[in-house]
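S.K.: Sequence:
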Amino acid sequence: MTDALEAALKAGTVRERAEILSGPMQQTFDLPAMLRLGVGTRWKDIPAEKQQELIAAFGPYLAATYATRLGAASGSTFAIDPKSEARGQGRIVHVTVTDGSGDTSPVDYVLNAENRITDVFLQGTVSEAGTLRTGFSEPLQEGGADALLAHLKKSTETMLAAPAPKAKP
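If you count by the working numbering, then the sequence shown holds residues 9 to 177, one letter each, in order.
Hints were generated in silico from the structure; no laboratory data involved. It is possible that part of the hints are untrue.
Claimed, not checked - Below are the SDA-like pairs computed for lysine to any residue, each with C-alpha atoms no more than 25 Å apart in a straight line: (1) K162 - E24; (2) K162 - D11; (3) K161 - A65; (4) K161 - E146; (5) K58 - A41; (6) K52 - H159; (7) K18 - T36; (8) K161 - S30; (9) K161 - L45; (10) K162 - E93; (11) K18 - S30; (12) K52 - A121; (13) K18 - G67; (14) K162 - Q59; (15) K52 - R124; (16) K18 - A158; (17) K161 - R23; (18) K162 - Q35; (19) K52 - P171; (20) K18 - P68; (21) K161 - S135; (22) K91 - G79; (23) K52 - L148; (24) K162 - G83; (25) K162 - D38; (26) K58 - G151; (27) K52 - D154; (28) K18 - H102; (29) K52 - A169; (30) K91 - R124; (31) K161 - Q35; (32) K52 - K162; (33) K161 - Q59; (34) K162 - G79; (35) K18 - T104.
Please construct the entire structure, taking both the sequences and the accompanying hints into account.
M.R.: Next comes the structure, spelled out in structure tokens:
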């Protein structure tokens with residue numbers, strides 16, 4: 009995954025970065041689990057067919073989200089700590105991101121027993137699942153699963169349509 013992140017950093021547009029990230033993210037992230045965490049307790053009330061539609065829309069949404077965030081990470085490198093921390097049946101993998109100016113940020117990947125990412129913590133405290141839950145609460149309250157599906161699709165297209173970031177001076 010770090011190879012894909014570094015390759016995506018070199019790509020021009022959000023769409024190009026998302027295309028680079030999409031395959032590796034499908035392989036390394038447990039997208040259904042992340043979506044369930046993001047939706048929260050309402051997930052069990054969503055019909056199975058609609059859950060599958062949401063999962064199908066969530067993969068491109070998450071790839072576009074990461075591709076958008078990478079615009080601010082130009083020149084960054086990623087170092088994986090070879091020692092992971094056991095957590096239940098899974099583990100936490102610690103990664104240090106070093107930006108172009110030398111500043112570092114910890115990123116912790118929470119992996120399940122199948123070694124697939126179920127959450128990501130930035131700076132040790134900001135949970136991706138928590139961020140998703142906050143972002144999903146309004147569409148879910150306004151129109152349930154259909155509104156969330158529309159939100160995922162519209163947000164993805166908006167992110168993918170963003171122009172290439174301007175080069176830093």
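S.K.: Give a verdict on every hint.
M.R.: Going through the hints against the structure:
The straight-line distance between the Cα atoms of K162 and E24 is roughly 18 Å, inside the 25 Å bound, and the hint therefore holds. The straight-line distance between the Cα atoms of K162 and D11 is roughly 28 Å, outside the 25 Å bound, and the hint therefore fails. Distance hint between K161 and A65 is fulfilled; the C-alpha atoms sit about 6 Å from each other, no more than 25 Å. For the proposed pair K161 and E146, the alpha carbon gap of about 15 Å is at most 25 Å, so the pair holds.
At roughly 15 Å between alpha-carbon atoms, K58 and A41 fall within 25 Å of each other, so this suggested pair holds. For the suggested pair K52 and H159, the alpha carbons sit about 19 Å apart, so the restraint of at most 25 Å is met. With a C-alpha separation of about 21 Å, the suggested pairing of K18 with T36 holds against the 25 Å cut-off. Only pairs whose Cα atoms come within 25 Å are accepted, and K161 paired with S30 is accepted, the gap being roughly 15 Å.
Using a Cα cut-off of 25 Å, the hinted pair K161 and L45 holds, with the two alpha carbons roughly 19 Å apart. For the given pair, K162 sits about 37 Å from E93 by alpha-carbon distance, which is inconsistent with the 25 Å threshold. As the CA atoms of K18 and S30 are separated by approximately 15 Å, the hinted pair is consistent with the 25 Å bound. With a CA separation close to 22 Å, the supplied pair K52 and A121 stays within the 25 Å bound.
Pair hint K18 plus G67 holds up; C-alpha atoms about 21 Å apart against a cutoff of 25 Å. Under the criterion of a C-alpha separation no larger than 25 Å, the hint pairing K162 with Q59 is consistent with the structure, at around 18 Å. This hinted pair checks out: K52 and R124 have alpha carbons roughly 22 Å apart, not beyond 25 Å. Between the alpha carbons of K18 and A158 the distance comes to roughly 30 Å, so the proposed pair goes past 25 Å and is violated.
Between the alpha carbons of K161 and R23 the distance comes to roughly 14 Å, so the proposed pair stays at or under 25 Å and holds. Straight-line distance between C-alpha atoms of K162 and Q35 comes to about 24 Å, which keeps the hinted pair within the 25 Å bound. Using a Cα cut-off of 25 Å, the hinted pair K52 and P171 is violated, with the two alpha carbons roughly 38 Å apart. Distance hint between K18 and P68 is fulfilled; the C-alpha atoms sit about 20 Å from each other, no more than 25 Å.
With a C-alpha separation of about 22 Å, the suggested pairing of K161 with S135 holds against the 25 Å cut-off. At roughly 29 Å between alpha-carbon atoms, K91 and G79 are farther apart than 25 Å, so this suggested pair is violated. The straight-line distance between the Cα atoms of K52 and L148 is roughly 13 Å, inside the 25 Å bound, and the hint therefore holds. Among the hinted pairs, K162 with G83 is inconsistent with the structure: their alpha-carbon atoms are about 29 Å apart, more than 25 Å.
The hinted pair formed by K162 and D38 meets the criterion: a straight-line CA distance of about 22 Å does not exceed 25 Å. Only pairs whose Cα atoms come within 25 Å are accepted, and K58 paired with G151 is accepted, the gap being roughly 13 Å. Annotation: proposed proximity of K52 to D154 holds, straight-line Cα distance about 15 Å (limit 25 Å). Pair hint K18 plus H102 holds up; C-alpha atoms about 23 Å apart against a cutoff of 25 Å.
At roughly 33 Å between alpha-carbon atoms, K52 and A169 are farther apart than 25 Å, so this suggested pair is violated. Between K91 and R124 the CA atoms are separated by roughly 17 Å; this keeps the pair inside 25 Å, and the hint holds. Between K161 and Q35, the direct Cα distance comes to roughly 21 Å. Compliance with the 25 Å bound is thereby established for this hinted pair. Distance hint between K52 and K162 is fulfilled; the C-alpha atoms sit about 24 Å from each other, no more than 25 Å.
A C-alpha spacing of about 14 Å is found between K161 and Q59, which places the hinted pair at or below 25 Å, so the restraint holds. A distance of roughly 20 Å separates the Cα atoms of K162 and G79; the hinted pair therefore holds under the 25 Å criterion. Restraint check: the Cα-Cα separation between K18 and T104 comes to about 19 Å, which is no more than 25 Å; the hinted pair holds.
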